[in-house]
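Can you join these two chains into the complex? Each is in its own frame, and there are hints to help.
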Amino acid sequence: MTPNMSTVDQSHTYSEGAEGFRTEEMILNMGPQHPSTHGVLRLVLQLEGETVTHCTPVIGYLHRGIEKILENRTYMAGIRYMDNADYLSPMLNETAYAGAVEQLMGIEPPRRAQYIRLITNEMQRITSHLVAVGTYLLDLGAFTPVLYAFRDREGILDLFEQLGGSRFNVNYMRVGGVLHDLPKGWLSRLETWLDAFEKSWQEFDVLITGNEIFMKRTQGTGYISPEQAVAYGVTGPIARASGVNYDLRVNNAYGAYREVAVRPVIRYDGDAFGRYMVRLYEMKESIRLIREGMSKLPGGPICTRTPIELRPPRGETYFAVESSKGEQGIYLISDGSEYPYRAKIRGPSFVNLQIVPELMRGHKMGDVVAILGSIDLVLGEVDR
Amino acid sequence: MPQNLGFLIVHFVVTLVFFIALVATNAVIMVYLERKVMAYMQDRVGPLHYGPQGMLQSTLDVVKLLLKEDIRSQLTDNAIFSLAPMVFFAPVITAFVALPFSPFMTTGAIGTALILYVALSSLDIIGVFMAGWGSNSKYSLIGGLRSAAQMISYELPLMLSLVGVVMLTSILGHNGVGSISFSDIINAQLQTPWLWFILIQPLGLLIYYTCGLAETNRAPFDLPEAESELVAGYLTEYSGMRWAMFFLGEYGNMLIVSSVATVLFLGGWSGPGADLQFWQAHISANPGGIFSVADLVFNLIAVFWFLVKVYALQVVFIWVRSTLPRLRADQLMQYAWLILIPITLVNILVTSVLLLAVPQPYTLWVTGIVNWLMMFVYIFTLTRIIQASPAGKKPVWVNEPTNALGFMPSKTDNALPAGSETPKLQSPTPAR
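Residue numbers (our numbering), protein chains in the order written: chain V, 1 to 384; chain A, 1001 to 1432.
Among the hints, erroneous ones may be present.
[Claimed, not checked] Residues on chain V that point at chain A, a partial pick, calculated with CB under 7 Å:
hint : residue
1    : L28
2    : L140
3    : G141
4    : A142
5    : F143
6    : T144
7    : L147
8    : R151
9    : I213
10   : F214
11   : K216
12   : G366
[Said to hold, decoys possible] Computed spacing ranges between beta-carbons, pair by pair:
hint : chain 1 : residue 1 : chain 2 : residue 2 : range
13   : V       : N169      : A       : A1090     : 46 to 56 Å
14   : A       : L1123     : V       : E198      : 44 to 54 Å
15   : A       : A1312     : V       : N169      : 39 to 49 Å
16   : A       : V1118     : V       : G49       : 23 to 33 Å
17   : A       : T1025     : V       : E198      : 44 to 54 Å
[Claimed, not checked] If you want the footprint, here are the derived chain A segments under chain V, 3+ residues with CB under 8 Å:
hint : stretch
18   : 1039 to 1047
19   : 1325 to 1337
What the hints contain is simulated information worked out from the structure, not anything from laboratory work.
Glycine included, each C-beta is placed from N, C-alpha and C at the ideal position.
Only chain A is shown next, with the shape it has when bound in the complex (with noise of 0.2 Å):
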């Protein structure tokens, strides 16, 4: 691709709009798939009235939130109940200036794209707190409070299980030195065809979306919001707009989480027709622009496999919000600190011991293998433990007739009268 001025602005312009429609659209398609998808699972319609099969809901709930009164109760801490959503929502918008949807969709000009994006993420957690804190409400306190400790607690983690990616770079980028610029390490994935990450580093995806579930508060990690403990948490005084903009930036951050395990995972925009070589053989036509329609195609088959994962994996979010119940707080803490940090330091040492001990040929085969293995094992043992708590053992339960408190009526003196004759009635005693 030609790389003069006017194809910069081009690019700019093109990208911008891009993201901001999708961060836009994101929530609000979502909001719509998540109704849909958990109305399948539980045996209900959902949303079907507005548009076909619903599907102006969600626009009409924004048009909705849009028009409400903005109530805040006099208590308030008014300049950090205004500023927290912002607060909130800024990073993510901004985070998304490192995700590369194709080679063309892409900032590019970041190298250090996987800081940036850890960084940008856990900026969150000051907005949640400033909310939590100027709501003045004993609810969103604890919210804030749960949600600030949560989401440093799962920072770690979710760095950490980044790390193996970022190792295998090293043995597949292109000029063997590891990279954390998202575009190497899509470009790491290409480098022997469909060598997806998710192959090498199953237990680093299973990790880090654990933590993007964390991360994102969503369920079963959603103490933050617990509906049923905390009414709303650190939102329980939002309301209108405002609310608006932090379930927008929720689902933002679902976007990326998603956007990011595609990315270093899933081989990002990489799928079946995503070939450049292949179109610029096949599509000799320039109509005298900027770009060839061999790059146009390409783009557009790339941007759409990378939205494909995407959607999927939030999908998966969905899935796994309608079905598991949630953790408590202390046993989300525990999760963090004695399992999820302890099997990724493991997973990052066994990973550099073997990509370094094993010899050229088998070094993938023999990494991806221990790999698998390590997390059929992590699945198994974490299983075992908890069942195997001492209050997890499993009573015998009686299902026979006992007479502990001595007193159970013998058949005999207590039996029905013989027969289906109506017995008489007893003439009523008059009134007094």
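Chain V with its partners taken away, still in its complex shape (with noise of 0.2 Å):
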């Protein structure tokens, strides 16, 4: 275990104790094969006992290079590959891709269109917040909240398979529209799983929220005032859960959301423990939206009628969604041809594994993994 010494403060790696006797900092390799660190994230550590003095993360372990095979692939083609950016929510990455193409273009997908990205935007981010809320709960020890957030996903990981024929890379979203039409029943079989997970979500309220020991665990863990949080361009759920009303659904709001009012989930803790709940509560929150959606859907096509091979028109855009980690941004310059000229993925954990060195300082090795779980990284994002 050769720490890299060029990531390595080396200014106080020294320093004497009470009674004078010298005690040496030790470097502790966290990571990229470590259980809790969610994919391959590396996080250099330097510990004095157990309390953590600095932490230096090194990302890179799971670079596919995806922003330059957006590069080589058409606009169309382009779509698929962002599945595998953030692989937790496929479909709002999708829509931020698809979002961004048609922007370019301007084309306004049909109505039917934009509500059918609404529902499915809002299945897979709680989709999204089931794994970051289980796999939380894991990370602080307790082994049975992860199975029941995973059984509640595979419930609309299976009307994904429904709908595009693939339960994670979905694959789904076309410039100007949606691939496939709802199939026959599949809004009943929705209606079906909203009214199971609602029940579910009252079993994760009461025998997480009110726990003791995730209480203790969780209350006054890295914290992060709102401020901080917009110095360091936090965006999403952490930063909803230190009192920034930023969700671009409300604030710069696209697609179906125009006519779908959202209530952003604020929490003014900043603390993990925050975090957690505006994830839970988000939850809630996008039942009421994929209801509302259904209510909603009008008739009428599902895709404007496009080529396979796109020409946009030169320029450059940006197109931001509200994913489920923050603001999924694709910037894009189109040279005329009908490649991408370049492709630049603004990535909501990338942007957010920034504020983690300053959250680790001072806490202890225990809250190391509690506070990196609070963040919710996607690694295949933040390397991409």
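Pasting the structure below:
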């Protein structure tokens, strides 16, 4: 375990205790092979006893060059690669990419497609938050919640399979709309699932939120002030848990969110508990949004008549959606050819990761996973 | 029962074989039980493929472990690394000497069983610490240090929570003198039928069980091997049979903690049918062996009840594991020193004062009722303290659309086109 000296601050490796003993700081490599770094994040921790004095995230172990791949795929073919960026919310990523291309070309998808996007996006948000909450509890040492969360998540993945033919990498969005119309009986199956999930949501709330050990572990852990959150560019549930009222579905409404009002969940704790609560209540909000979207679902076509080979006009654009982890933006430059000149992904996890070293400082070793889990990183999107 | 040489030899052999078989099979049974019970609680099915209902799964796991390569890194301190599993496992086996599974299934002679048990259970720390140091790995070292701190801290309330029971034996014991022998403690609970000490000392059992969880490194006190923080703690560098030794030792520890709780609080081997006089009155057959059929039937029933109670307690271990998240290291120490030790001291004080002050026919009633009250007050206060901490105040959560940043768009200038007609596609610009 040779520490990477270039990433470690050498200035105070030694310190003197109260009795004059010279104690040595320990450098601990957490990851990339570690059970709770959610993939392949590597944290170089400087420990003074069990207290973290410095933390340096080292990323890049899951780099696949998605942005470069996007430059070498046509606009339609690129959508599929967005699934692999944030692999826990493919629908949201696809919406972002498809929306960026639409904005570049000046297309407005039909209303039905917008509403289908809203429904699938909110479903995806529920699955992502379920994974976030479940694995967070797993990090804190509770084994059961993650299995309950994955059980509920299966229902949505099955519905996605009926919709797009694939559970995970759905490849469902298209420039100008969606791929297939909703299958027969799909909406009633979704309704059944929502009813069941409302019950298990109550279970989550009762069993986890009131648990004394969970409260002890999370309350006051990893506090982010609203000013800090804005300064670091933190978005999504993390910013909203710090009292920053920033939700792109409201502040820069796109698609069907212009007609379906979102009530963003805001808390003022700023700690890990607040982030957990925001995620939990956003699931409830998503249920409401899906219900509203289903009731307002219009008829009509599901896609504009777009050719396979799209040639958007020359120019650049930025389009962002509120992903499950924050602002998922796509910056596209078109040179008029059928391939994007540049496709930059503004990933929420990557930006949210910046604040991690700041949060770790001064916390105990056991809190490292409690903070990291509450940030809800997906390394597929951090490294891209 | 006749006390001749033949009897003593049979006694020795039977007891020894029973203990060894129990230690060896307990881990296998418990692993299977743990996986099945946890699967049931977690909406899964658990092991299913090998044997009926997957019963051979843990047996085959042991075979796999025996066949595995013994990997060790170059930097390990070989002597300490190899010795650690044995040092960990030896006290576990030795502690079984003190346990009375039935009047026959015990060495019986140990008058200071309680002290022996406490002493042996604290020896485990040495093995754990050796493993942490000898592995020469940072995760192992932190795990070993945590473990040493934790086990030493929880040793104190564990011991103190048992004092109440010992004091009760001075009231109920056969000669009016308190005893720390396990057999005497069980006999004291049989003086008045069904007067198990859980009825008089529930607080003692609660604290003992909490400390038992910490002693055996089980959730929610499994910090030394906290998977999500320390990979596997002091076990990180171990593999194969050496790892299995630690595993075996831990399950052995659970068995002992549960057995001692059974002996001290749940009336040991007492239960329906465990009555020697009854069987002697009804079975007169004596095939001419060392002891009679009545003895045999009685002892089998006694062992059965003992094991039923022990496994019920071990299932509670599993239940707790699948329910609770893990504490943090400093919270763990805080809990031991600031909460558990004071409450055990209060328990000792109150129990002793009541036993001396309250006149005889009411002594047990008053002591028991006060202890139950203390237990509920303890649980209630603890919950209040945690939930009333400054961080625990529930902030208001806004569920109204607000406009904090000031750029929420109005519905009119950003509305969807009316109707559901398809917008026209712009003609794509030709490539350069």
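Consistency of the hints with the structure:
At a threshold of 7 Å, the smallest CB-CB gap from L28 (chain V) to chain A is about 5 Å, leaving the interface hint in force. Nearest Cβ of chain A to the Cβ of L140 (chain V): about 4 Å, under the 7 Å cut. The hint holds. Because the beta carbon of G141 (chain V) sits about 3 Å from the nearest beta carbon in chain A, less than 7 Å, this interface hint is met. At its closest, the beta carbon of A142 (chain V) sits 4 Å from a beta carbon of chain A; the interface hint therefore holds under the 7 Å criterion.
Given the 7 Å rule on beta carbons, the hint for F143 (chain V) holds: about 6 Å separates it from the nearest Cβ of chain A. Because the closest C-beta pair between T144 (chain V) and chain A is about 5 Å apart, less than 7 Å, the hint holds. The interface hint given for L147 (chain V) holds, since its Cβ lies 4 Å from the closest Cβ of chain A, which is under the 7 Å cut-off. For R151 (chain V), the interface hint holds, the least distance from its beta-carbon to any beta-carbon of chain A being 6 Å, beneath 7 Å.
Hint on I213 (chain V) holds. Least Cβ distance to chain A is approximately 5 Å, under the 7 Å limit. The beta carbon of F214 (chain V) comes within 5 Å of a beta carbon in chain A, closer than 7 Å, and the hint placing it at the interface holds. For K216 (chain V), the suggested interface contact is upheld, since its CB lies about 6 Å from the closest CB of chain A, less than 7 Å. For G366 (chain V), the suggested interface contact is upheld, since its CB lies about 4 Å from the closest CB of chain A, less than 7 Å.
Between N169 (chain V) and A1090 (chain A) the C-beta distance comes to about 54 Å, which sits within the given range of 46 to 56 Å. For L1123 (chain A) and E198 (chain V), the Cβ-Cβ distance of about 53 Å falls inside the hinted range of 44 to 54 Å, so the restraint holds. About 48 Å separates the C-beta atoms of A1312 (chain A) and N169 (chain V), a value consistent with the hinted range of 39 to 49 Å. For V1118 (chain A) paired with G49 (chain V), a C-beta distance near 29 Å keeps the hint of 23 to 33 Å intact.
A hinted range of 44 to 54 Å for the beta carbons of T1025 (chain A) and E198 (chain V) is consistent with their spacing of about 46 Å. Three residues within the 8 Å Cβ limit are the bar, and the stretch 1039 to 1047 of chain A against chain V gives 4, so the coverage statement holds. Requiring three or more residues with a Cβ within less than 8 Å of a Cβ of chain V, the coverage given for the stretch 1325 to 1337 of chain A holds, as 7 such residues are present.
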